[in-house]
Each structure stands twice: as C-alpha cells, then as structure tokens.
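Protein chains in written order, with the numbering used here: chain A, 1 to 114; chain B, 1 to 114.
FYI, nobody ran anything at the bench for these hints, they're computed from the structure.
Please note: incorrect hints may appear among the correct ones.
All copies of an identical chain are treated as equivalent in the list; a pair is satisfied when it fits inside any one copy or across any two copies.
DMTMM-like, lysine to aspartate or glutamate: derived pairs with alpha carbons at most 20 Å apart [claimed, not checked]: (1) Lys96 / Asp17; (2) Lys2 / Glu15; (3) Lys81 / Glu15; (4) Lys81 / Glu43; (5) Lys81 / Asp17; (6) Lys2 / Glu56.
Protein chains: 2
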Amino acid sequence: MKVVRSSAVAKNSVEMDGAEGVEIRWLISKDDGAENFAMRMFELEPAGHTPLHTHEWEHEVFIVEGKGTFVCDGAEHAFEKEFVIFVPGGREHCFKNTGMGTLRFLCLIPGSAG
Amino acid sequence: MKVVRSSAVAKNSVEMDGAEGVEIRWLISKDDGAENFAMRMFELEPAGHTPLHTHEWEHEVFIVEGKGTFVCDGAEHAFEKEFVIFVPGGREHCFKNTGMGTLRFLCLIPGSAG
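Build the full structure now, drawing on both the sequences and the hints.
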C-alpha cells in the first residue's frame, strides 16, 4: 500500500537518445509490488520532447498539466490538460511540449515492458 | 490509437451497493484495444464515497481534483490533488470525498479484473 504526494517521488533525467528536457518520476512500479503495470509521471520543459521511437508495448497517457503535440506514425495530434491518449504497441510516437510552461503527463506501461 | 478530451468520454452512475454519489468514465479499456490494463476516471460528489470492498486485483490511483480520505484495512489516509495511491489486491478499501467540491481521480485496474 502506498499513499504519497506525487511531487515527493524522486525525479530523474531521461537520458535516452532523442529525448530533450525530459524528466521522469516512477510513481508506482514493481518496487511497490505492482506487477501488472507501472505509473510514471513525465515532465517536459518548454520545447522538450520524448524520443521518436517504437516498441511492442502500449502507453496509457493522461495529461496533467500543459499542452503539446502527440506524433503517431507521422500524424500530429494537439492535446492539452486532461486529454487521454492510448498508444497501441508498434506505433512510432513521441510527445512534444508546445506550451510556455512545463508539460506533465502520466504514462502507464505494462509490467512486461522493456 | 485514441486522443480525446477526458470530459468527452461518456459518464455513468456507479450503482454498486455501498456507492454514494459516484460516477465513472471508462477512458481507456478493452474497447480501445487495451488488453493489459484499463484507465477509468471516477467523479464523487461532496460526501460521496465508493463502496467499502475487497477484491483480488490492485488499483493504481492518481488524484486529479479535490480532497478525500482513503480507507484501507481500517486505517484512514487523507489525500488531495496530485496524490498517488497504490492499493494491492486483497485490501478492504474505499474512497471518500471530504471536500466542498467534486473529487476526481484516475483508477487503473488490470485487464484480468472482474
């Protein structure tokens, strides 16, 4: 069992090739006993973006703050606070912060990811 | 693939015994091709609460708006906006809205739930 303010969870820089200005907090993970899926919070600085990449697992995303563009198989989709995005496995995708402030979103992945 | 404003997803009353003033939106589910886990948004009116119950699957929760109390195996835990709660399977639990406004939270469950 875990009850915690999300901002109290450790935040680390994402050092993947193609990532710019991206930080991550692992809010709920296998370290908490969550075997089936994990909840992460991403924080992107203005003009920051995640890498354009593809993998076999899905994402379930909820935008907590800010605005941006979701790129999926070459098409661009604008989003803002409280949008929901489902990215099936196998799609080439990235998230870009197009706003003036921080973009924050939850991104959940299955326990089998990676 | 799905990109949608969460407020545009259909909202339904939760009619379970012990639920009071609870509505749900299934934001991402098997209907979208999400087999591994589902994202729901719960909305509780002031003084509303989910049923005190137990089941074998876990919850991963993120508080979007409002404040409340999480009851788990008889202990009470206060929470507010941007808190994260992990409820392992097998714990007796419920969520209560203790604020003056609507309480909204994401609650994710594995695809095997139910």
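Run the structure past the numbered hints and jot down the numbers of the failing ones, going up. The structure conflicts with hints 2, 3 and 5, although it agrees with all the remaining ones.
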